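J.: Chain by chain, the residues:
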Amino acid sequence: MNPVRKQRLLLVLLLVAGVGIAVALALFALKENINHYFSPAQMASGEAPIGQKIRGGGIVVPGTVKRDPDSLKVTFRISDGDGEVEVEYTGILPDLFKEGQGIVGTGKLDENRRFVAEELLAKHDENYMPPEVQKAIDKAHGSKSGDKSDKTYGTPSYQQENAQPESLQPKGSESQPLESQ
Amino acid sequence: MNPELGLFALILATCLALLQSIIPLVGSYNGRLNWMATGKTLATGQFIFVLLSFMCLVVAFVTDDFSVQYVASNSNSLLPVYYKVTAVWGGHEGSLLLWILTLTGWGQVVALRSGKLPPELSARVLSVMGMISVGFMLFILLTSNPFTRILPFPPADGSDLNPLLQDLGMIVHPPMLYMGYVGFAVAFAFAIAALLGGQLDSAWARWARPWTTVAWCFLTAGISLGSWWAYYELGWGGWWFWDPVENASLMPWLSGTALIHSLAVTEKRGLFKSWTLLLAITTFSLSLFGTFLVRSGVLTSVHAFASDPQRGLFILGYLLVVVGASLTLFAFRAPEVRSKISFSLLSRETLLLLNNIILVTSCATVLLGTMFPLLLDALDMGMISVGPPYFNLLFVPLSMLLAACLGIGILLNWKKGSVSWLKQQVRWIAIISVIGGIVFSFLYGDRFLVSEALAMGLVFWMVLTIGKDVRNKTRNSGLLKGLRKLKPAYYGMQLAHLGLAVTFIGVALTSGYSVQKDLRMSPGDSAQVGEYVFRFDGVSQRQGPNFVADYGKVSVFKDQKQITVLKPEKRIYTVQNMPMTEAAIDPGLTRDLYVALGEPLGGDSWAVRLYVKPYVRLIWLGSIFMALGGLLAVSDKRYRVRLKKKKQALMGAKSKSGNGTQDDTVTTGGQA
Numbered sequence: 001m002n003p004v005r006k007q008r009l010l011l012v013l014l015l016v017a018g019v020g021i022a023v024a025l026a027l028f029a030l031k032e033n034i035n036h037y038f039s040p041a042q043m044a045s046g047e048a049p050i051g052q053k054i055r056g057g058g059i060v061v062p063g064t065v066k067r068d069p070d071s072l073k074v075t076f077r078i079s080d081g082d083g084e085v086e087v088e089y090t091g092i093l094p095d096l097f098k099e100g101q102g103i104v105g106t107g108k109l110d111e112n113r114r115f116v117a118e119e120l121l122a123k124h125d126e127n128y129m130p131p132e133v134q135k136a137i138d139k140a141h142g143s144k145s146g147d148k149s150d151k152t153y154g155t156p157s158y159q160q161e162n163a164q165p166e167s168l169q170p171k172g173s174e175s176q177p178l179e180s181q
Numbered sequence: 182m183n184p185e186l187g188l189f190a191l192i193l194a195t196c197l198a199l200l201q202s203i204i205p206l207v208g209s210y211n212g213r214l215n216w217m218a219t220g221k222t223l224a225t226g227q228f229i230f231v232l233l234s235f236m237c238l239v240v241a242f243v244t245d246d247f248s249v250q251y252v253a254s255n256s257n258s259l260l261p262v263y264y265k266v267t268a269v270w271g272g273h274e275g276s277l278l279l280w281i282l283t284l285t286g287w288g289q290v291v292a293l294r295s296g297k298l299p300p301e302l303s304a305r306v307l308s309v310m311g312m313i314s315v316g317f318m319l320f321i322l323l324t325s326n327p328f329t330r331i332l333p334f335p336p337a338d339g340s341d342l343n344p345l346l347q348d349l350g351m352i353v354h355p356p357m358l359y360m361g362y363v364g365f366a367v368a369f370a371f372a373i374a375a376l377l378g379g380q381l382d383s384a385w386a387r388w389a390r391p392w393t394t395v396a397w398c399f400l401t402a403g404i405s406l407g408s409w410w411a412y413y414e415l416g417w418g419g420w421w422f423w424d425p426v427e428n429a430s431l432m433p434w435l436s437g438t439a440l441i442h443s444l445a446v447t448e449k450r451g452l453f454k455s456w457t458l459l460l461a462i463t464t465f466s467l468s469l470f471g472t473f474l475v476r477s478g479v480l481t482s483v484h485a486f487a488s489d490p491q492r493g494l495f496i497l498g499y500l501l502v503v504v505g506a507s508l509t510l511f512a513f514r515a516p517e518v519r520s521k522i523s524f525s526l527l528s529r530e531t532l533l534l535l536n537n538i539i540l541v542t543s544c545a546t547v548l549l550g551t552m553f554p555l556l557l558d559a560l561d562m563g564m565i566s567v568g569p570p571y572f573n574l575l576f577v578p579l580s581m582l583l584a585a586c587l588g589i590g591i592l593l594n595w596k597k598g599s600v601s602w603l604k605q606q607v608r609w610i611a612i613i614s615v616i617g618g619i620v621f622s623f624l625y626g627d628r629f630l631v632s633e634a635l636a637m638g639l640v641f642w643m644v645l646t647i648g649k650d651v652r653n654k655t656r657n658s659g660l661l662k663g664l665r666k667l668k669p670a671y672y673g674m675q676l677a678h679l680g681l682a683v684t685f686i687g688v689a690l691t692s693g694y695s696v697q698k699d700l701r702m703s704p705g706d707s708a709q710v711g712e713y714v715f716r717f718d719g720v721s722q723r724q725g726p727n728f729v730a731d732y733g734k735v736s737v738f739k740d741q742k743q744i745t746v747l748k749p750e751k752r753i754y755t756v757q758n759m760p761m762t763e764a765a766i767d768p769g770l771t772r773d774l775y776v777a778l779g780e781p782l783g784g785d786s787w788a789v790r791l792y793v794k795p796y797v798r799l800i801w802l803g804s805i806f807m808a809l810g811g812l813l814a815v816s817d818k819r820y821r822v823r824l825k826k827k828k829q830a831l832m833g834a835k836s837k838s839g840n841g842t843q844d845d846t847v848t849t850g851g852q853a
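From first to last, the protein sequence lines are chains L and P. Last residue of the first sequence: 181 in the working numbering, with the numbers rising by one and none dropped. Last residue of the second sequence: 853 in the working numbering, with the numbers rising by one and none dropped.
Derived from the structure by calculation, the hints contain no laboratory data. Heads up, a few of these hints could be off.
Have a look at the derived ranges for each label pair, beta carbon to beta carbon [stated by the list, open to error]:
#, chain 1, residue 1, chain 2, residue 2, range
1, L, 27, P, 600, 33 to 39 angstroms
2, L, 66, P, 631, 53 to 59 angstroms
3, L, 27, P, 225, 36 to 42 angstroms
4, P, 336, L, 66, 37 to 43 angstroms
5, L, 28, P, 225, 51 to 57 angstroms
6, L, 64, P, 719, 45 to 51 angstroms
7, L, 21, P, 262, 52 to 58 angstroms
8, P, 699, L, 16, 31 to 37 angstroms
9, P, 322, L, 28, 29 to 35 angstroms
10, P, 522, L, 49, 35 to 41 angstroms
With a straight-line Cα cutoff of 30 angstroms, these simulated DSS-like cross-link-like pairs (lysine-lysine) come out [to be verified]:
#, chain 1, residue 1, chain 2, residue 2
11, P, 597, P, 297
12, L, 73, P, 748
13, P, 734, P, 297
14, P, 654, P, 734
15, P, 596, L, 108
16, L, 31, L, 6
17, L, 66, P, 818
18, P, 666, P, 818
19, P, 748, L, 66
20, L, 6, P, 604
21, L, 108, L, 53
22, L, 66, P, 734
23, P, 818, L, 6
24, L, 31, L, 66
25, P, 748, L, 98
26, P, 596, L, 98
27, P, 521, L, 98
28, L, 6, P, 596
29, P, 597, P, 698
30, P, 668, P, 604
31, P, 734, P, 596
32, P, 654, L, 53
33, P, 668, L, 73
34, P, 521, L, 6
35, P, 604, L, 73
Not the full set, but computed from the structure, chain L residues with beta-carbon under 10 angstroms of chain P [said to hold, decoys possible]:
#, residue
36, 7
37, 13
38, 46
39, 50
40, 53
In this text the structure is predicted, and so the values were computed from the model without any measurement. Where a beta carbon is used, it is the ideal one built from N, C-alpha and C, also for glycine.
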């Protein structure tokens, strides 16, 4: 083999090895850091694993929010219309945390099947419904009301105003801003 | 009347864009100079009409014309007038119009400066830009018309701009980001034009480079503005969340960074030609892809306005057309631009190749992490999320590898280097960096952190190699005289690289040594955070223009001396009844003091979040350096050398496209 070819071969080998390692690392990292989503019903029924980091979310059940008088600990129940689970969280609640509002969190289930959250999200917008929660609710109610996007390209609906079942509609939704369409 | 005028102007602009995408291109093939020249006129016309259309929307906002649906859903009569203007891009339709405005603005500048280019190249570039315009204008006209009226019963008042967007950062962030995204359209157009012509030489790279670099500067600024905004506005004190929306802007940045480096090789050495073209296509495609992610409603975030699946489908279709067409063209024409130049394994070329590989790999890992959940969801295989640990695990080591390569790449010469020379160059620098990193981590903070030691070691490494290279370049003529001789392009490059080092410091120290406390505090309570004492003095109320706020008073002490009083707010924006946390920050180069109010806990007690974030400002300072470095590099005179004679180009046009001239002009090696 002439030196130029040798060099080129070395370069290619290095490249292949590098890419191989990168891909392996990436897949490994991905596998280790995926958080599966479980609905309140799945958490309550025991379908969700205990002690493993998972995501969960639902509608905050009105009247269940209880604060610890001395710390930032707060407990409340979340529901997807099918099942309920108790959530414990220590820290500052997000701005848009409200009874009747959808939230998503990451955390672990303890032995009593309480969801101990490390992080809670109630995102950006009053009209926001976490897609996972929306799906869980849709499933629980067997409804596909107004959820066109599911059929077209398989993404959940984000316009929960019309898809949300009445029973779970947050208070004050009459004064919702104009819909964008 | 005004909104109708805006719509009409937009339709006219679309027609002009359609003409622009056809006439100059056809002209470039049959050699008609006057056909080619129409490109410039059409680009100007297009820009003027889009500007007119945009101004019409601005007027509708400023005059509170709530009969326009878009105004009604994104503005309110109580909104301060400057927010009324920025509310123009606070929603989906208007931000698309802004996107088109920047696109046609870029087109206009290209047209103005195209005198330097061979006419058929500039014609093709402008035609490609016209095609991009047509796609986006049709998108607006067909799916997201900002001028739709609510008639005959317009609402009395609008439903207000999302409070999160009522902020200075949001005034500048979207235009900057768009300038970047859309600027890559110019690089893309240059790449396509080169493929169409089958001609790609150093001159081409010299023309394409400044556009790409400027776009990159804007994107850099746009991303860091977004990060800065998230930091003070979201009230969590984080500066990067690996949110899909952030990733959508990071991906084109990563591949764009690879592109500007590979363009350097193409210009200086006539190498990596097809790779450069591929990167240009990839970068713009990722910009489009980012738009698709953010605008289609596939993701939920403050950016995702569109919930109409039609829109998502349209962008997806558009994306497929762009990517499909350009890759097909690439597949057919790329072999024509291949270069036959060799370089040794240890050379600047190799290190820049490594740089590209690392950047593209990082980009791919971000893409994987961002798309995986969407993919699984779309295939109905369960709902998952990929958390920050994934990204950190991959992205952090890759950036460290990149930093390590940077030092060697800067020192090495083009074409060929020798191992013994390199050893002699970096021996001391390497030793100092290792010791420096370890010692720093021991001295700073209260514990030794491996990753921080590594990062700081790499900072020493980057800064010292940059210094060493400046020394090498000035060795022959003395330091001062030598410094004056160096070109702006060289200074720009080094400033940008220094910026990376500065950002490294910021990221490493903020991630390693931030102290955070979430506390329940009653008036009079004190808390120690790091070396600072925060005293909570209670909460009062005030009335803003369109909100009411509870604001806390927090006095901060260090060594018994009061430093500042911070007033974090909890606002309720009255129109949407939406609560918002407004953090109070005492900024400093060496540390930020950050206080945010949580919620009232009964009595006078409040949940309070206290942060001390060391050197967090350096993250953004570094990106300012990077952006300025890019601009400085573009100011280099060699980009402004006019083409010798138009005749020359004419002759090139007559012999017409094809026969890829392989004139691998090896311009002077040496710097940047």
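J.: Any of the earlier hints contradicted here, and which numbers?
T.: Violated hints (numbers, rising): 2, 3, 6, 8, 9, 10, 11, 13, 14, 15, 16, 17, 23, 24, 26, 27, 29, 31, 32, 33, 35, 37, 38, 39; every other hint is consistent with the structure.
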